[in-house]
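So the chains spell out like this:
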Amino acid sequence: MLEPTDNRSGLVCVGLNYKTTPVEVRERLAFPEAQVPQAVQQVRGLPGFEESVVLSTCNRVELYAAHSLPSGDHGHATLRDYLVEHFKLQPEHAEALVLYNLDSAEAARHLFRVVSGLDSMVLGETEIFGQVKAAYKTALDTGATGKTLNKLFQQAFTVGKKVRNETTIQRGSTSVGSVAVDLAEKVHDLKQCRVMLVGAGEMSRTCAQSLLSRGAKSVIVSNRSYDKAVELAAEMKGTALKFDEWEHVLHEVDVIISSTSAPHFVIKPEQIEQVMRKRRWNPLLLIDIAVPRDVDPAVNEIEGVYLYDIDALQAIADEGRRERERQLIACERIIEEQLEKFGFVKPSGSTQHGFIVS
Amino acid sequence: MTSSQLLLIAATLTFVSAVVQALLALKSGAWKQGRAQLMLMALGFALQTGFIYFRGQEVGQCPMKSLSDILVFIAWSIVLLYFLVGSAFRLSLLGVFTAPLVSIMQIMALVGGFAPYKPKGQINALVELHAAVALIAYAAFALACITGVMYLVQERMLKRHQIGGLFYQLPPIQGLASAIQRLVRLGLLLLSIALGISFALQTSVSNPKLVFSWVVWALYAVISILMWKHFTSPRKTAWLAVIGFILPFISLWIVTHA
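If you're matching them up, the sequences are chains A and B in order.
Each residue of the first sequence is one higher than the one before, counting from 3 in the numbering used here.
Each residue of the second sequence is one higher than the one before, counting from 394 in the numbering used here.
Same shape as in the complex, but just chain A (with noise of 0.2 angstroms):
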């Protein structure tokens, strides 16, 4: 059992995030990009401040400080003024603001697990190490880090490359579309697959952005109602088809991804034979978003078609956050070796791992 040393009194941390806070209040505390700069050197202008990094992404708002305050009650006590009086908060607001203030080891944790994707809202996610990254450069480059926050900047991200290198936090897919992105990926190399739509729904378009954003090469939408097809399909820089068309280029694609609101079979299994041999046996991936289902099941009997739909898929999603949820002890334990390898924490005694919130 690890117990907190002192040799970090000097170092706070305020902030909230997604579990503290509703977005309604999130988003009237969030500082945008451009403004960062300009709050680094206002935080560490505070009086008794000597060092300063502002976290702030969609899920979270941080202010991480180096200062030498009597105690760490007065550094979140400035903290906290400093947020009210930035963002013009009315006094009911400033009442209702529930912040979390940290200090040294307690701080320090905190950083570590934010860095390994622990606290965010996507388990193990990873887009959050590179936010932090960005958070301390713009610090580092406005000179408003000094020995301490460099120190724990560079640990935290020392940690983050730990947890991540020695668990499988981050492995799996936990989202409908990560899922999809997943599959398609070992089906076809996605810098040349080929994407279609049948039916422009909410999801399928979530799965083909996904897809986008990881380098597949084009997408098609097709869709009964033609004008929404075109305005998908200009939104993501792809091809609008006729409803009655999409069946001509269904050998072109390597991924189809159906969601129409028919109450039938739409994709059946003589259709998708003739298709294959078209294709030369090229693999095919069939991903049915659609309920009532879009695409018959006998689909999946057919050599080198790979059929998911909605529940397979979500069973998928669902395995992929159990089993980073599995991981969490030993990310955790991780942690820990590290906080005391750093010095925030002695071997001996036991110490809390809950935020003081005020």
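Read the hints as simulated data drawn from the structure, not as lab findings.
Don't take each hint at face value.
[As the list claims (entries may be wrong)] Sample of chain A residues with no beta-carbon within 12 angstroms of chain B, all distances over it, derived:
{"id": "1", "residue": "ASN19"}
{"id": "2", "residue": "LEU48"}
{"id": "3", "residue": "LYS90"}
{"id": "4", "residue": "GLN211"}
{"id": "5", "residue": "HIS250"}
{"id": "6", "residue": "VAL251"}
{"id": "7", "residue": "GLN273"}
{"id": "8", "residue": "GLU342"}
[Said to hold, decoys possible] In silico PhoX-like pairs for lysine-lysine, Cα to Cα no more than 25 angstroms straight-line:
{"id": "9", "chain 1": "B", "residue 1": "LYS458", "chain 2": "B", "residue 2": "LYS511"}
{"id": "10", "chain 1": "A", "residue 1": "LYS135", "chain 2": "A", "residue 2": "LYS164"}
{"id": "11", "chain 1": "A", "residue 1": "LYS193", "chain 2": "B", "residue 2": "LYS552"}
{"id": "12", "chain 1": "A", "residue 1": "LYS280", "chain 2": "A", "residue 2": "LYS163"}
{"id": "13", "chain 1": "A", "residue 1": "LYS270", "chain 2": "B", "residue 2": "LYS629"}
{"id": "14", "chain 1": "B", "residue 1": "LYS420", "chain 2": "A", "residue 2": "LYS270"}
{"id": "15", "chain 1": "B", "residue 1": "LYS420", "chain 2": "A", "residue 2": "LYS164"}
{"id": "16", "chain 1": "A", "residue 1": "LYS163", "chain 2": "B", "residue 2": "LYS420"}
{"id": "17", "chain 1": "B", "residue 1": "LYS552", "chain 2": "B", "residue 2": "LYS629"}
{"id": "18", "chain 1": "B", "residue 1": "LYS622", "chain 2": "A", "residue 2": "LYS280"}
{"id": "19", "chain 1": "A", "residue 1": "LYS280", "chain 2": "B", "residue 2": "LYS420"}
{"id": "20", "chain 1": "A", "residue 1": "LYS280", "chain 2": "A", "residue 2": "LYS149"}
{"id": "21", "chain 1": "B", "residue 1": "LYS629", "chain 2": "A", "residue 2": "LYS280"}
Backbone N, C-alpha and C fix where the C-beta goes; we use that ideal spot for every residue, glycine too.
Using the hints, position chain B against chain A.
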């Protein structure tokens, strides 16, 4: 026990530890495109090369005459091609599938034993080249077989929605299908060269070694045409690459006892 055999035992143990390391890493979910795996394969290859060198010194020629020697030479060629092909095709996990086959072949060689060769007069470089190229061709067929197994495993997981573990480590099935084709073509090309050399050597057409080599050549020529013309699905061609390797494997035993 000779020093060459000790080297072979060490090489075999290295490949077995590569298998164990990979299985443990996969089981714990901590498998990465591993440096440890690569190091073990490289060490195994170095030890194999040492064995072939010392064995060559012992028998006074390229050690490719007895079944045990042939098995080791093919195992060596498989690892050589693994380093050349694995990185070119970005076939992650190929080592995991290669190491067990190499270990089995070397264990069979060790069990079979290494008898001294009959004294040989003048060494004909063309004969040695013919044998070496033919065995490297067999190694290419062996790698096609291994890649075929990888394809079938990945294909089965995709069909049955078994997403997890190995699934994330294996390459896309389209890439595996094209790797099988390239390996079969490479093996066929090398075997054609080896057989071409046999013409230069004016070997008798009824020589059993040559007859079996032509049978193997014909089999892979057919498989290659089926793949090239897309007469069969990639799944069936993967099966052909896997089952097809049985013939060259059996032919090795026959030709060394003929």
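Okay, the hints, checked on the actual structure:
1. ASN19: holds, 28 angstroms
2. LEU48: holds, 44 angstroms
3. LYS90: LYS90 (chain A) clear of chain B: closest Cβ-Cβ about 49 angstroms, beyond 12 angstroms.
4. GLN211: Given that every Cβ of chain B is farther than 12 angstroms from that of GLN211 (chain A), nearest at about 21 angstroms, it holds.
5. HIS250: holds, 21 angstroms
6. VAL251: holds, 19 angstroms
7. GLN273: GLN273 (chain A) is indeed farther than 12 angstroms from all Cβ atoms of chain B, at 18 angstroms.
8. GLU342: holds, 22 angstroms
9. B:LYS458 with B:LYS511: holds, 10 angstroms
10. A:LYS135 with A:LYS164: holds, 16 angstroms
11. A:LYS193 with B:LYS552: Answer holds: LYS193 (chain A) to LYS552 (chain B) is near 23 angstroms, not above 25 angstroms.
12. A:LYS280 with A:LYS163: Violated, at about 46 angstroms.
13. A:LYS270 with B:LYS629: OK: LYS270 (chain A) and LYS629 (chain B) at ~23 angstroms, within 25 angstroms.
14. B:LYS420 with A:LYS270: violated, 39 angstroms
15. B:LYS420 with A:LYS164: holds, 19 angstroms
16. A:LYS163 with B:LYS420: holds, 21 angstroms
17. B:LYS552 with B:LYS629: holds, 15 angstroms
18. B:LYS622 with A:LYS280: Holds, because 13 angstroms separates the two Cα atoms, which is no more than 25 angstroms.
19. A:LYS280 with B:LYS420: Violated - the C-alpha atoms of LYS420 (chain B) and LYS280 (chain A) are around 40 angstroms apart, more than 25 angstroms.
20. A:LYS280 with A:LYS149: violated, 65 angstroms
21. B:LYS629 with A:LYS280: Holds - the C-alpha atoms of LYS280 (chain A) and LYS629 (chain B) are around 18 angstroms apart, at most 25 angstroms.
The structure fails to meet hints 12, 14, 19 and 20 from the earlier list, while all remaining hints are met.
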